[in-house]
Every structure is written in C-alpha cells, then in structure tokens.
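Trainee: Here's the letter readout for the chains.
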Amino acid sequence: MGDLIGKSVKRVEDNRFLKGEGKYTDDFNMPNQTFAVYLRSPHAHANLVSVDISAAKAMDGVITVFTGKDIKDAGIVGSICGWQVDFKNGDTMKEPGHPILAFDKVRHVGDAVALVIAEDFGTAVDAASAVEVNYEVLDAIVDPKAAVQDGAPQVHDDVPNNTIFDWELGNKEETDAAFENAHHITELSYHNQKIVPNAIEPRAALAHFDSNDDKYTLYTTSQNPHLARLIIAAFVLSIPEHKLRVIAPDVGGGFGSKIFTYNDECGVLWASKQIGRPVKWTADRTEAFLTDCHGRDHVTDAKLALDAEGNITGLRTKTYASLGAYLSNFSTCIPTWLHGTLMQGLYTTPAVHVDVTGVVTNTVPVDAVRGAGRPEASFCVERLVETAAREIGMDPAEFRLKNFIPPFDGVEQEGYQTQVALQYDSGNYEGALKKVLKNANYEKLKEERAAARSDGKLMGIGFSTYVEACGIAPSAVVGSLGARVGLYDAASIRVHPTGKVTIFVGAHSHGQGHETTFAQIVADSFGIGMDDVNVLHGDTENVPFGMGTYGSRSLAVCGSAIMKSVDKVKEKGARIAAHKLECSPEDLEFANGSWNVKGTEKSVGFGDVALTAYVPHDYPENEEPGLDFASFYDPTNFVYPFGAHICVVEIDKDTGEVKIVRYIAVDDAGNIINPMIAEGQVHGGIAHGIGQALYEGALYDDSGQLLNASMLDYCIPRADNMPFFETDHTITPCPHNPLGVKGIGEAGTIASTPAVVNAVMDALTDYGVKDLQMPLTPQRVWTAMQQAK
Amino acid sequence: MIPESFDYQRASSVSEAISLLQKHGEDAKILAGGHSLVPTMKLRLATPGTLIDIGGISELKYINDKGDYLAIGARATHWDIESSDLVAQKAPALSQAAGQIGDVQVRNRGTIGGVLAHSDPQADYPGVVLALNATIVVQGSRGERTIAVSDYFTGLWETALGEDELLTEVRIPTDRANANSCYLKFPQPASRYPFVGCAVAMDSSAGNCSDVRIGFSGVGETAFRDSGVEDALRGNTLNESAIASASAKAADARSVLSDVFVSEEYRRAMAKVYLKRALTKLT
Numbered sequence: 209m210g211d212l213i214g215k216s217v218k219r220v221e222d223n224r225f226l227k228g229e230g231k232y233t234d235d236f237n238m239p240n241q242t243f244a245v246y247l248r249s250p251h252a253h254a255n256l257v258s259v260d261i262s263a264a265k266a267m268d269g270v271i272t273v274f275t276g277k278d279i280k281d282a283g284i285v286g287s288i289c290g291w292q293v294d295f296k297n298g299d300t301m302k303e304p305g306h307p308i309l310a311f312d313k314v315r316h317v318g319d320a321v322a323l324v325i326a327e328d329f330g331t332a333v334d335a336a337s338a339v340e341v342n343y344e345v346l347d348a349i350v351d352p353k354a355a356v357q358d359g360a361p362q363v364h365d366d367v368p369n370n371t372i373f374d375w376e377l378g379n380k381e382e383t384d385a386a387f388e389n390a391h392h393i394t395e396l397s398y399h400n401q402k403i404v405p406n407a408i409e410p411r412a413a414l415a416h417f418d419s420n421d422d423k424y425t426l427y428t429t430s431q432n433p434h435l436a437r438l439i440i441a442a443f444v445l446s447i448p449e450h451k452l453r454v455i456a457p458d459v460g461g462g463f464g465s466k467i468f469t470y471n472d473e474c475g476v477l478w479a480s481k482q483i484g485r486p487v488k489w490t491a492d493r494t495e496a497f498l499t500d501c502h503g504r505d506h507v508t509d510a511k512l513a514l515d516a517e518g519n520i521t522g523l524r525t526k527t528y529a530s531l532g533a534y535l536s537n538f539s540t541c542i543p544t545w546l547h548g549t550l551m552q553g554l555y556t557t558p559a560v561h562v563d564v565t566g567v568v569t570n571t572v573p574v575d576a577v578r579g580a581g582r583p584e585a586s587f588c589v590e591r592l593v594e595t596a597a598r599e600i601g602m603d604p605a606e607f608r609l610k611n612f613i614p615p616f617d618g619v620e621q622e623g624y625q626t627q628v629a630l631q632y633d634s635g636n637y638e639g640a641l642k643k644v645l646k647n648a649n650y651e652k653l654k655e656e657r658a659a660a661r662s663d664g665k666l667m668g669i670g671f672s673t674y675v676e677a678c679g680i681a682p683s684a685v686v687g688s689l690g691a692r693v694g695l696y697d698a699a700s701i702r703v704h705p706t707g708k709v710t711i712f713v714g715a716h717s718h719g720q721g722h723e724t725t726f727a728q729i730v731a732d733s734f735g736i737g738m739d740d741v742n743v744l745h746g747d748t749e750n751v752p753f754g755m756g757t758y759g760s761r762s763l764a765v766c767g768s769a770i771m772k773s774v775d776k777v778k779e780k781g782a783r784i785a786a787h788k789l790e791c792s793p794e795d796l797e798f799a800n801g802s803w804n805v806k807g808t809e810k811s812v813g814f815g816d817v818a819l820t821a822y823v824p825h826d827y828p829e830n831e832e833p834g835l836d837f838a839s840f841y842d843p844t845n846f847v848y849p850f851g852a853h854i855c856v857v858e859i860d861k862d863t864g865e866v867k868i869v870r871y872i873a874v875d876d877a878g879n880i881i882n883p884m885i886a887e888g889q890v891h892g893g894i895a896h897g898i899g900q901a902l903y904e905g906a907l908y909d910d911s912g913q914l915l916n917a918s919m920l921d922y923c924i925p926r927a928d929n930m931p932f933f934e935t936d937h938t939i940t941p942c943p944h945n946p947l948g949v950k951g952i953g954e955a956g957t958i959a960s961t962p963a964v965v966n967a968v969m970d971a972l973t974d975y976g977v978k979d980l981q982m983p984l985t986p987q988r989v990w991t992a993m994q995q996a997k
Numbered sequence: 120m121i122p123e124s125f126d127y128q129r130a131s132s133v134s135e136a137i138s139l140l141q142k143h144g145e146d147a148k149i150l151a152g153g154h155s156l157v158p159t160m161k162l163r164l165a166t167p168g169t170l171i172d173i174g175g176i177s178e179l180k181y182i183n184d185k186g187d188y189l190a191i192g193a194r195a196t197h198w199d200i201e202s203s204d205l206v207a208q209k210a211p212a213l214s215q216a217a218g219q220i221g222d223v224q225v226r227n228r229g230t231i232g233g234v235l236a237h238s239d240p241q242a243d244y245p246g247v248v249l250a251l252n253a254t255i256v257v258q259g260s261r262g263e264r265t266i267a268v269s270d271y272f273t274g275l276w277e278t279a280l281g282e283d284e285l286l287t288e289v290r291i292p293t294d295r296a297n298a299n300s301c302y303l304k305f306p307q308p309a310s311r312y313p314f315v316g317c318a319v320a321m322d323s324s325a326g327n328c329s330d331v332r333i334g335f336s337g338v339g340e341t342a343f344r345d346s347g348v349e350d351a352l353r354g355n356t357l358n359e360s361a362i363a364s365a366s367a368k369a370a371d372a373r374s375v376l377s378d379v380f381v382s383e384e385y386r387r388a389m390a391k392v393y394l395k396r397a398l399t400k401l402t
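Chains as they are written, first to last, in my numbering: chain X, 209 to 997; chain A, 120 to 402.
Chain A extracted, bound-state conformation (with noise of 0.2 Å):
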C-alpha cells in the first residue's frame, strides 16, 4: 500500500498547471481530489512519474448561474455539489448523484473534474452528465475549447482529453428538462459504487413528454444515452403503461458489463428497473 515513487508538482494556476502537462508529458497525472487516482497509485495499479497538483488553484471552485447554464469548476467537491442551493434546483439529478457518491470524507475530497477526467465506467457522474447535456470546458497549450458530453466519452477510463489539456469546467444547460431531473442508483454493496445508475432528465410540463435525456451509469463499458427508450418517450403522454413499455427497452441496444457480482441477464434487467422507477418519480 505504497505508491512507487514519483515528482510532485504543485500548480498555482490553470496555465501553470498546462505548462506542466506539456512539460512531463504522458508520464505526468493531474491529482485533483485523489479519491480515485491515489488509491490505484497504492496499489500500484497506477505509476505516473510525476503529479500535478491542482488543488492550489481556487480559481477553479466554483458554481456560477450563467443563465442559460451553470458553470461548475473542475475542482468542485462533490459536497460543494451537493450541498449547493442553485444545483438543486436546476439539476437535481447532479445534486442527487453527488450526495450518493461514497461518504462524507470521500464527498469532501473528491471533485467533479477529477471523476469526469478520470472517466471511470463505474463512476456516478458520467450517465448523468449525459443526461444532462452537459458541456466539458478543457485548456490547453492551444486554449480553450469545449467538449460536447456526448463526445467526451471514447471508451474504457478514455475520454477525448488532449495529453496537454486539463479539465477546468462543466456546464450544465438550465433548460427545463435538467430542472425535472433525476438520479437513481442500485449500488455495489461493498464499493457503492452503481451497478446501475440511472440518470434520466425529462420536460413533461405540457402533460407529455416533448424532451427527454436517459444516461445510464455503470451498466455499460462507458456511460450512455439511451436513445433508443428516448425515442419510445418523445411526444408521449406519460401514463403508467407508456414508462412501462418504454422502460422494458432499457440497455436492449448496449453490450452490458458482467462481473463476479453481477451477471450481464440482471443488469440489464436493473437498468429497466431503474428506468421505470426513475420515469415514475419525474411523472
């Protein structure tokens, strides 16, 4: 339970911490709240050469009402998250994932840009930042440049990240769907971590469903869409029967992880169990 030894580098600025990134190249990690990277380092699963230390840069915590979005700094706690009046309100189901994201003291810690940078298939967030539209802000050596969530994902702990580029915000849209979100999670009993995790954001206010966003966490190799049961909702009154057909689709287009916990036939059929009671919740 020690790391194989390594640099440490502490960045006091955003454009500090990219001229590091370029510096170490590959060999280099960004350690933000460390909940995910230090333990694998631990265990020497992980053996970057050196760290970057982002925790010094305050520039980076925050969440701001921008109007047609909320911005969230990539070093926001999942407690700040959680915690936040404003994420409540217009993303509930982003308040709701971060107040079931491990304990207190891992809350305390852990940020959303490290989760979103590390891209962990068994994270809370990716399935409901999907669902959320969201937009991932990165800099790096060539500047800003934003990520559509839906292309943010590659595969297995992969994203579209450049090597030189550091995770600095999320931005969730405030439309009227995120505001009637919701987030759902049927845990790993021993890392709590999702087995499945349902995100699901939905506009029924005119009585049916005119726009709806499903993410699903944990269920698949990287998070997802499922656009397929959206399709099956859009412009349906939401009756009892309706979710219920609709969700009986849930995963039926997606290869569906299986582990010595979980077989594949249960997951999948969780996922359609989360759906329902998720689409139950926001109707």
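Chain X on its own, in the form it takes in the complex (with noise of 0.2 Å):
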C-alpha cells in the first residue's frame, strides 16, 4: 500500500458540486418530453366515490390522466416488501396491496389517485387541479399502538387490527426471572417520535420508453439503481430485466428514502410506454413531506434489570412500530432486525426480551432513516442506562465502565455473541469511553456543573456509548431472516493499456464521497496517482450489479468487492510481469507501482505490464489479453463500530431553551481510508440525531393531516443550532474484511440523540424531571419545569 489510505484527499466529486455543476435527474432532458403530476389525497383514510378526469383531459396540452382502474386493469400491482417478518406462531406477515394510484380506497394523505401528463409542468398542475375526486372520509388512525385496538379504524380490509407482524427475540424466561429477582428496575414509556428525511433534492424521474428495441430507460434518484431495476422489472411492472436500463446520477442525498422503489417513479415509466414519449416528474418539496419514507415512530415501554451491586441483568422491551400505510421495501425489517438485534448494546446484560407489533396507520410509510432502527436501540438502551445510574446514584460513566463487554479483537479473542442473534466482530468500549472522558476532561466538566448549579444555572453532561451493526450484510445470515434479497456488493476494475485505471461499483454515492475515498484505494494498491484511477456508479449499464447504499456498507462491503479486484489485477500482473522478467510471479513482490524481484533491483511497473497485457506481442502462453476483473463480496459477518459521545447542555431557566454547549465524540469505525471524510460523517450524523432530540418530528392531527410538511413548520437544524463538535477516534480493526474497515454514515445519529435527551434530563435534575417526549422543544422543557415547581 502507498500512502494515500490514511489521509484526507480533498474530495474529487466536489469540483462540480461546489460550482453548481452537479448533473442530477431533473438536470436531465429528452426530446418530446412530457411532464408528469401526481394528483394526491388530501385526506388521510377515505373511500375514494369517483375520480372525474374528463375536465382536466380536455384541456389544452394535457396528453392524458391516469386513474387508479387504469392501471388496475393493465394488471400492474405496487412497489413490494422486501422482507418477510412472520408472527410469532407461524402465520405469514400480512402483505397490503400497494397499488401505484389508489382505485379504492386512500390511506394516507399524500396517497397517489390521478397521474396526469401534459406537454409542460405548468399545464400538468393545472390539470391536476382540475380532476374531481369525490370521497368518503373515514376516521384515521395515526398511533401505532392504539391502532392495534378493537375497534380502530382499519387501514388495509385484510390487515386485523392493523397488526402485520408480531416479532420477539431474546430469552422471554430468563429475562423475566432477571425481572423477578431484579434489586432495581429502571422504567421508561416513550415515544420515539416519527421523523422526516428531508434529502435537499426531491425524488424524481425521467421515464422513457423505446420502442425500435422495446427498451426502457429510467434515470432516478435512487441510492441503488440495480435493485430498483430489479424490483420494478421483475415484481411491479413485469418487464424484461435487461430492457431497463437504470441511471442514478448525482442524487443530492438520500438519508435512507432513496433506497425504496417508489411507485412513482414505476408509475411514469409505464405512462411512457402509454404515450410513447419520455415522462419527467419531479416532486415537490410538499410531495416529499408526504410521500418519501418517514423513519421511527416507535411508541415503546422498556425496562431494565439491575442487581444490588450495580450489575445488568435484564433488559426487556415492548414496542409498537408503525409502518404506515402501506409497506415499504424494508419496512419490517427495520423494527425487527435492524432494532431488536442490537438491545444487547456494549452491555453484558444476560437475559434480553424485546417485542415488536408492527402496525400500519394512516401516515406516509416509514422505512429506513439513517440508522435504520438501531438509533431507536441506541436510544432505548442509551437512555435506561444513564436513567438507571441516576436512579442508583451511580456516575453514569462509572456505571458503563462497570457494565461494559471487555475489549475484544476477534483474532486473539473470539467475537462477543449477544442474546439477541449478533456476534460483535471486534470492540473496545473502554478504551473509547475513557478517551472520550478524558477529552472532554470530565472531571473538570463536573466542577463545572457544580459551580453553575450552586450560580443557579441549569448545566446538564450526557453519555450516549453505542455499538451498532452495519456493512449490510452476510446474503445467507439475513436470507434465513426473512430478506428476499441478498446484500453482497460488487466491484470491477478495468485497467486500461496506457495505466489508467476505472472502477465500476455497485455502490452507488449520494454525499459519501466514493470518487475519493475508492480512487484512493485503488490508486494506493496499485502505486498510481488518484488522478489515474476513475470511479463510475449508479448506471446499471456499465456497473456491475450491485446493492447500493445504505447501512454504512459501501466501504466494508464494496471496498471489499474492490479490494477482491485488485488483488485479481495484481495476481494477473505479476504473471506478465514475470515472464517479462524471466522469472516465476512467486519471486515478485509488488511495490511502489512495479513488480520487483525479491533481492535484486529488476523490477517492471505497473503501466508497462497494463501495456503488455493490451498489446501482447511477448506474453505469457496461455494467458488471455486485458487486465480487467470484476468481482463480487458477500461479508461473512456484519461490522460493528462504536463509540462514546459526550453532550454538554445549558437550559434556559426562562424559556426553556436547549443549548448544546459542547459535544465530545470519540468513534471506532476501525481503519480510516479518508480522515476527512469520515470525520465529515461524524459531524452529519451527529447534527441528524441533534435534530431528532431537539427539533424534528413529524406532527400528526387525529384526523391524520401532516400538520408541519414544510420547511417553514418543520424544522432541521441549521450551522447555529450546532456546537463545534470536538471528534476523535481510536482504531479497532473490522477482523473479517480485506481493508479492516467498519463504517461510519450512521455512527453520529445513532449516537447522538440519547446523548442529548440525556444531557438534558441531567440539567433538569433538580426539578425531578426523569423523561421529556422528544423533541425536546423550548415548551416542553419549559412546561416540564413550571410543573415541577
């Protein structure tokens, strides 16, 4: 390896991106295109009398409107589940329909009845506009957990009491013996609040049918553009696979909501075939309020065991997720797998229970957000835990101390098998709380507290430690769980005759940097310039398939893939290289860019090999021309970073403001590729949770309404809500992947936001306060602290 892994490369992509340069869907026009609006509920749960479209279809420039029966009688069926969760007697997880325009019956406002396409965007509005829907409102149902009550009102007619799946995990006896013989046990009720992903760029798409080779092209915004290939091509429309052809461009974020196939973006491929010209939608900011999946919305109880010393005992937790109203792609996958899994924590807790109803109501489908169900494990754990010290009047850093697994390297040692399914590969969660405790010099901080407590103000120091699962994941492992898909990744490199080289990934880059960070890497293998080495993603075209972003799974399962390519790159070129150097390829060493012969000075570089093997005058019998290998990784385990967070809080005893006057965080994501970068995505990750503790949450009337679907109500945080964030890291080596990587896109969020309700229940202390429902806005706080007077 050469020295480019380890440092912090400017970001390549960044030269179009900061000068507006960037090409994304909507940037994208095809002669003759026509333009596409979704008509869409108003109200939450209705039956749908009648749609009227003959006004709006008989106005100028209007192509034609779509209904629900349309597309109904074409035999085309919604978006799917991509993961089967059953109940826990055996019955098969209740699948809703998801029809692309509702024929009906409407279940969440925002839910699609008319697709109307015009010959421009102004014209299709109006259009919309001018259908008449007539419904018939019925009563909404919006908390999941009164939603599993007779009597509520039903979402789906063959979905009872709204209950898609019931799901447990973990030893339910000896976690109620911990229970029984428990010396203390810390309670929690709450809601972790339905938040909205809010990716700057709004979904859309550009949708064209060809019919001189019945081919099919769909330029989205899509975080993996092969499985949503894959999905629309085999499930929603039933066409030919490789008569689609994919383009996710430069896609301005994702967070999660662009992983899902939405019936949107299916919907205007169809119209094109329909109208025989290309199609473009883009949403609207207000469409992607209420139509990009929302994440969390779990209304749990959780409970924690402790014995008379201190020790964990039991862990127990009942949880109602709400999926929306229909299922997502992996919508049940995330309260259950992606939840449940990881309420061991960095605990030794013996005996864990954790119980999941998911539920739908009549709100937009929740699926991923980042973190993806182990922010609401975090935060349960996360929470009991510090609770429980404070309740024991044990220092809550103490308390983890005493608690925590041992350090583990998974080479030396063996990996840590939890209750509940997952082997941690490799931790050190002292080694980076007591870093975290000493940056942030905690014995100072508590001075601190004590002298602003005793001035009258309301100091409060939060812990949030965590552990999570990422670098999506083992095919075989998550296959017996219930996913119908597998989650390799896959990576070719073709070197070219004169030494450039470009890599063609599954992966797919939407702000993760994967130009830099995967040039460096190949560029370091191979001892050539990052100027040499180009990086191509997100057309299913010319990358091979792979399964995208998400999870924190490009470096560890992607890398990887590459890493599998260089390695076949260099095995080939040490076999030119060695008959080009009249030797045996065991006698080369590959080093500074050249094949050299151990102990002597002979050597041949890695541009006259990539020559010799386009133009092979003098080559190896029996060897094929090219240099160019395509590879695919299937990891044989999960990665497991880590890490301890420290937020420090002021309140204002006025008004209730929250002021995050210092946040200390140390991460373990094992190697580094781009310091930079991930640091980057410690900063990103730790403002998203920020914003769940203290700004965000989707507010939902009873009748269902989406009260703050704007950025005027809803509020993501901004620079100054932010502190300077203190980051730094310490190295624990993933022992099962080439590179020794983890990952690091959710670390932040999942840390974050217990560190920061925790911090403030600390402030607050003295007012008696033990839980606030999140976000913990100006009021909330306020209120909380006028009843405790």
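Check the hints yourself; a few may be wrong.
Computed cross-link-like contacts, DSSO-like style, restricted to lysine-lysine with a CA-CA straight-line distance of at most 30 Å [what the hints assert, rightly or not]: (1) A/161 <-> X/227; (2) X/231 <-> X/451; (3) X/481 <-> X/451; (4) A/368 <-> X/997; (5) X/861 <-> A/400; (6) X/867 <-> A/400; (7) X/665 <-> A/395; (8) X/654 <-> X/708; (9) X/867 <-> A/395; (10) X/231 <-> X/218.
In short, the hints are calculated from the structure, not lab data.
Could you use the hints to bring the two separately framed chains together as a complex?
Mentor: Okay, structure coming up:
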C-alpha cells in the first residue's frame, strides 16, 4: 500500500458540486418529453367514490390522465415488501397491496389518485387541480399503539387490528426471571417520534420507452439502481430486466429515503410506454414530506433490571412500530432485525427480550432513515442505562464501565455473542469511553456543572455509548431472517492499456464521497496517482450488479469487492511481469507501483504490465489478454462500529431553550481511509441525531393531517443550532474484511440523540424530571419546569 | 410549486403603478421583493390575476434623514436598513429587526414596504414600527396621505391601505426614545419568524422613564402596542423590581395566538420574558 490510504484527500466530486455543476435527475432532458404530476389525496383515510378526469383531460396541452382503474386494469401491482417478518405463532406476515394509484381507498395524505401528463409542467399542475375526486372521508388512525385495539379504524381490510406481524427476540423466560429477582428496575415509556428524511433533492424520474428496441430507460434518484431495476422489472411492471436501464446520476442526499423503489417512479415508467413519449416527474417539497418514507415512530415501554451491585441483569422492551399506510421495501426489517438485535448494547446484559408489533397507520410509510432501527435501539438502551445510573446514584460513566463487554479484537479473542442473535466482530468499548472522558476533561466538567448549579444555572452532561451493526450484510444470514434479497456488493476494475484505471462499483454515492475514497484505495494499491483512477457508479448498463449504498455498507462491502478485484489484477499482473522479467511470479513482490524481483533491482512497472496485457506480443502462454476483473463480495458478518459521546447542555431557565455548549465524540470505525470524509460523516450524523432530539418530528393531528409538511414548519437543524464538534477516534480494525474497515455514515446519528436527551435530563435533575417527549422544544422543557415548581 | 398563470406588469414610476392598480382592481397584487408573495403563489394560496412589479421604481429606494424623522422608501431592502448607520443610530430597534429577518438572500430581496403591506402577523417589522411610532405614507389616485401606524394594522393580513394605494414611505420619528430602542426576538426554529418579537423604545435619559413605547410582533393576531405596560412604566424609576413588575403584565390584556408549536400560555409567558430582557437591555 502507498500513502494515500489514511490521508484526508480533498473530495474529487466537490469540483462539480461546489460550482453547482452536478447533474441530477431533473437536469436531464429528452427530446419530445412530457411532464407528469400526481394528484394526491388531501385526506388520510377515505373511500374513493369517484374520480372524474374529463375536465382535466380536455384541457389544452394535456396528453392524458390515468386513474387507479387504468393501472389496475393493466394488471400492474405496486411496489413490494422485501423482507418477510412472520407472526410469533408462525402465521405469515400480512402484505396488503400498495397500488400505484389508489382505486378503492386512500390511506394517507399524499396517497396518489391520478397521474396527469401534459406538454409542460404548469399545465400538468393546472390539470391535476381540475380532476374532480369525490371522497367519503373515514376516521383515521395515527398512533401505532392505539391502532391494534379492537374498534380502531382499519387501514386495510385484510389486516385485522392493523397488525402486520408480531415478533420477538431473546429469551423471555430468563428475562422474566431477571426482573423477578431484580434489586432495582428502571422504566421508561416514550414515543421515538416519526421523522422526515428531507434529502435536499426531492425524488425525481425521467422515463423513456424506446419502441425500436423495446427498451426502457429510467433516470431516477436512487441509492441502489440495480435493486430498483430488479424490483421494477421483476415485480412491479413485469418487463424484461435486460430491457430496463436505470441511471441514478448525481443524487442530492438520501438518508435512506432513496433506497426504496417507490410507486411514483414506476408509474411514470409505465406511462412513458403508454403515451410513447418520455415522461419527467419531479416531486416538490410538499410531496417529499408526504411521500418520502419517514423514519422511527416507535411507541415503546422499556425496562432495565439491576442487581444490588449495579450490574445490569436484564432488559425488556415492548414496541409498537408504525410502518405507515403501506409496506415499503424494508419497512418490516427496520423495527425488528435492525432494532431488536442491538438491544444488548455494549453491555454484558445476560437476559434480553424484545417484543415488536408492526402496525399500519394512516400516515406516510415508514422505512429506513439514517441508522434505521439502530438509533431506536441505542436510544432505548442508552436512555435506560443513564436513567438507571442516576436512579441508583452511580456516575453514568462508571456505571457503563462496570457493565461493558471487555475488549475483544476478534482475532486473539473471539467475537462477542450477544443474547439477541448478533456476534460482535471486535470492540474496545472502555477504550472509547476512557478517551472521550479524557478529551472532555470530565472531572473538570463535573466541577463546572457543580459551580453552574450553585449559581442557579441549569447545566447538564449526557452520555451515549453505542455499538451498531452495519456493513450489511451476509446474504445467507439475512436470507434466513426473511430478506428477499442478497446483500453483497460488486466492483470491477478495468486497467486501461496506458495504465489508467476505471473502477465500476455497485455502491452509489449520494454524498458519501466514493469517487474519492474508492480512488484512494485503488491508487494506493497500484502505486498510481489519484488522477489515474476514475470511479463510475449509478448506471445499470455500466456497473456490475451491486446492492447500492445504505446501512454504512459502501466501504465495508463494496470496498471489499474492490480489494478482491485489486488482488485479481495484481495476480495476473504478476504473471505478466514474471514473463517479462523471466522469473516466476512467486519471485515477485509488488511495491511502489512495480513488480520487483525480490532481492534484486529488477522490476517492471504497473503501466508496462498494463500495456503488455493489451499489446500482448511478448506474452505468457495460455494467458488471456487484458487486465479487467469483476468481483462480488458477500460479507461473512456485519461490522460493528462503536463509540462514546458526551453532550453538554445549558438550559435557559426563563424560556426552556436547550443550548448545546459542547459535544465531544470518540468513534471507532476500524481503519479509516479518508479521515476528513469520516469526520464529515460524524458531523452530519451528530447533527441529524441532534435534530431528532431537539427540533424534528412529524406532527399529525387525529385526522391524519401532517401539520408541519414544509420547511417553514418542520425544523431541520442548521449550522447555528450546532456547537463545534470535538471529534476523535480509536481504531479497532474489523477482523473479517480486507481493509479492516467498519462504517461511519450513521454512527453519529445513532449516538447523538440519547446523548442530548440524557444531558437535558441531567440538567433538569433538580426539577425531578425523569423523561420528556422528543423533540425537547423550549415549550416542553419550560412546561416541565413549571409543573415541577 | 408552480403558481397559477397571471399577468405581469412592470411599473416604472409610482404614478404608473397606481394607474395599473386602478386598472386591474382587486385582482392585482403589488410585487416588491416577492419573498412573502411568491411562495404563497407557488403554493397557490394566493392567485392574483396580475402582478404589478415595482422593482424598477428606483425613486422608492432610499433612507434619508429629514430632521424630525427618518424617511425610508418602500423599496428599501432589509439589508439596506440593517446596514444603514443612520438607522442604527436613530432607530436601533429597526436595524436589529432587519438584521434578524430570514437569511442574507432574503434580506437582499425583501423590502420594508412589502412586509408592511403584506401585514403578516408573524413578521418582525409590525411590532417595531408600532413601538417606533412610525407614520406610513401611501399614494393613490387621490394623491398622497399619511396613516399613523396605530391606525394601520387593521387585522390578520389586513391594513388601512386602500385598493388603489401604494405604500411609498415609512417615517420613523427621530426622538430620544427611538434612539434608545431595541428589538429582541424568540424565533420559531424552522421559519425563524418570531413566536415573540418584542420592540421597545424608551427615553430614560432623565433617570426615570419619561417616554416608553412597546410593540409586540408574533404574539397576537396583529402586532400591538402594549399600553398597559407602558402606563405602568411611565414616570417611574427603572430598577430591577419596576422592570420585573411591569414586564409581568406583558400581553395580559391581549388575546394571544396559539398554534401547533406554541401554546397561548407559553407565548404569553415568553412575551413577559422578552419584554423584561428588552427593558433591562435599555436601562
């Protein structure tokens, strides 16, 4: 390896992004294209009595208007659920259909009822408002716990009690026993509120059917174009997979919301064939609020059992998880296998039991949003742990150190088998916590807090330590748990005759900086420059079948596939080099961009070998020309990043405003390729989690209206809401992938929400406030202080 | 996010704008900076048939010292006001309010005339111009008239502006109280409009409070002067307990807005907190 790995190389892609010259889906146009607008339901739950499109269809410039009946009659079903989670009693999960356009009933505000296509965007908008829909409004259900009660409004006729599945993990008997024998029990009941992903680029599609070769092209905002192609071709539209090209060009953020194959994009692709012209659709911000899958929305009762010495002896949770009105692709695995499996946290808890009921409600569908299940788990565990420490009068850092799993590197010591299915690969939890305590100067912080309190000020210190599972995932393992897809990734490396290199990757970059980090890996491996490597992604016609980017997987999974191809290039290159050097490949070592005969000064450069591979005049016998390899990598385990965060807050006594005065983070994501990019991910992640703690949350009224469906009303945190982050890391390499890397894209979000809430509760100690509903708005904090007076 | 179709007219003078207003009647809307009107049009909450753009009327863009008052042209942007030394000196409350509106881009486009004509109860300026005892100058087909600011805001989104009248100037008296004024704001975190905007102009140069005007934005259905508190303060020495007991009365006699973000109780309580802070800052 050269010296690029581990270096904060500036992001290659920023050259176009910073100049505003990125090319996003809406920037592409096709000759003769048309414009689509979806008419959406203003009601959360209503029978569709009639949809009259005659006036809209008659307007100048309107090409056509489709209704739910048209699509139903064409035999088109909607998008599918990609993960089966069955009932505890073995009954199959309920899978209500999700039509592209509603034909009998609408089930959330934003549900599509008509697709209008016109010569220009303005006409399409005008025509949509000319569609006359007669709704018979029904009672709506928003709260997932209330939804399972008898008599609650039924979202789908074929889903009794709105229950999609019930699910459990862990050992119930042992956990019951732990609570029976507990010396102290800490209890929390809370709503981990629904949050809106708010990628800055709304979803968009440009669809075209070319009748000359029966071929579809779809430009779209996707985190995983191959998965989109598979779902659309094989399940939604039933078209030949090889006749569909999906291109996800520059994508302006995803946070999970662009993993899923949405009906809207499928609808315009279908429509492009019906009208014989390209169709463009771009969501506006309101549509983004009303149709991009939301995250979280767990109503949870959680308990922690302790013995007399302050050892954690058991953890039990019961969660009602809203999946929204329909099952999005991965909606079912988020509150189960990506949530329940993390309930051990970083602790030696000997008995854990997690019970989750998946519920449909009259709200925007819920699926992965940054962290996807793990933030819900870390919030639960870390709120319980901190509250327990406070209740028994132990310092929360000391309490954690007492209960942590001891260090294990996964090489000398085995991985740690939890009570909830996972085997952690490597971890040094006390190392991270001790480092953050030192970086924060915790002893001095405590003195400052004491001094502030004696001055009548409200200062609080909150901890959050986390371990998470990312780099998803071993296909066979997830398959046995109900996944209907594999979760490997793919990369091919094409070495060109001049020694320049193009990498084709299945991962998709929508903010992660793959064009930089992946190039660093390859340039380093071959001893060539960053400029000699080009990274391509996002086009199913160019890149091998990969599973895309989410779950902090790109480096751990796709990066490993890249390394497999690197090895193949080096292996073949060595044979070519050996031929040129008249030695055997075993006599060679690769260093500084050339194959060198060990113990001599004889060598041949990477470029020479590349040229020889394509101009094979003097060439090894039986060796194919070319230097071009594809590889798939299916991980053997998840990777398990971890860390320790400290948040320090001050509360304005008069107003209840929470100000974060310091935020100190130590994260361990294994080896780091580009520290600047990793730190950027930590910054963004922490900010995202702070958003949930203090500012964000979908506000629904009882009729199912989303009351804050705009950026005027829904608060995404801004730079001036943030402190300067004090970040640092420890390095515990992943023992089971070639780069020793874990993942860092979600860690900050997983960690920061409970750190902030814990800090606020610490500040409110004197008021006896144990818990408050997020977001911790000034009004909520002020009201709690007033009530405690 | 695309407005209904509309006609667009660009006026090159005040008189042309007025004749266009007369011609198009209530179907027309004046377009100044466009930062309130255009978003509502994009959401189709406003659907004017004609927009009369006054963006080209350079005669409305000025900030002048007229001795007894500052004359601020309707097209002065928030940035013009925020960056004016004259405003900072003679009416710091207005300067501070301008500097807290939206972001830099908004402040570069949005105008004081636009905000006051739009009369959004959530806007920053209304409480400020009340506290500063401003005069609103309008021109219409019957010529120019002035409206005392106390008569100007007539209700939610409503003003004393006639249908064919154009707001042309805002006059801020250059009295001692206005020179000793401030604006404090408790913003809604997403929109950054004020939950509570509190403007105070006070003359306490003689050691006691000889003159005081208090204006609130964001608290009630329209911005209002809090005369109850003013009366309690006027003539009194300003010490900690006087400020505390006066500000505890803030917004007491008013009906206060309640929404999904902030309850009436909390908003009222914050009006008291912010008034106390403003009074403390000025003494």
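Trainee: Taking the hints in turn, state whether each one holds.
Mentor: Consistency of the hints with the structure:
1. Between the alpha carbons of residue 161 of chain A and residue 227 of chain X the distance comes to roughly 27 Å, so the proposed pair stays at or under 30 Å and holds.
2. Between residue 231 of chain X and residue 451 of chain X, the direct Cα distance comes to roughly 24 Å. Compliance with the 30 Å bound is thereby established for this hinted pair.
3. The hinted pair formed by residue 481 of chain X and residue 451 of chain X meets the criterion: a straight-line CA distance of about 13 Å does not exceed 30 Å.
4. In summary, the hint linking residue 368 of chain A to residue 997 of chain X is supported, as the alpha carbons are separated by about 21 Å, within the 30 Å threshold.
5. Taken as a hint, the residue 861 of chain X and residue 400 of chain A pair is honoured in the structure, with Cα atoms around 18 Å apart against an allowance of 30 Å.
6. Distance restraint check for residue 867 of chain X and residue 400 of chain A: the Cα-Cα separation of roughly 21 Å lies within the 30 Å cut-off, and the hinted pair is therefore satisfied.
7. Straight-line distance between C-alpha atoms of residue 665 of chain X and residue 395 of chain A comes to about 18 Å, which keeps the hinted pair within the 30 Å bound.
8. Annotation: proposed proximity of residue 654 of chain X to residue 708 of chain X is violated, straight-line Cα distance about 56 Å (limit 30 Å).
9. Between residue 867 of chain X and residue 395 of chain A the CA atoms are separated by roughly 21 Å; this keeps the pair inside 30 Å, and the hint holds.
10. Taken as a hint, the residue 231 of chain X and residue 218 of chain X pair is honoured in the structure, with Cα atoms around 20 Å apart against an allowance of 30 Å.
Consistency note: the structure conflicts with earlier hint 8 alone.
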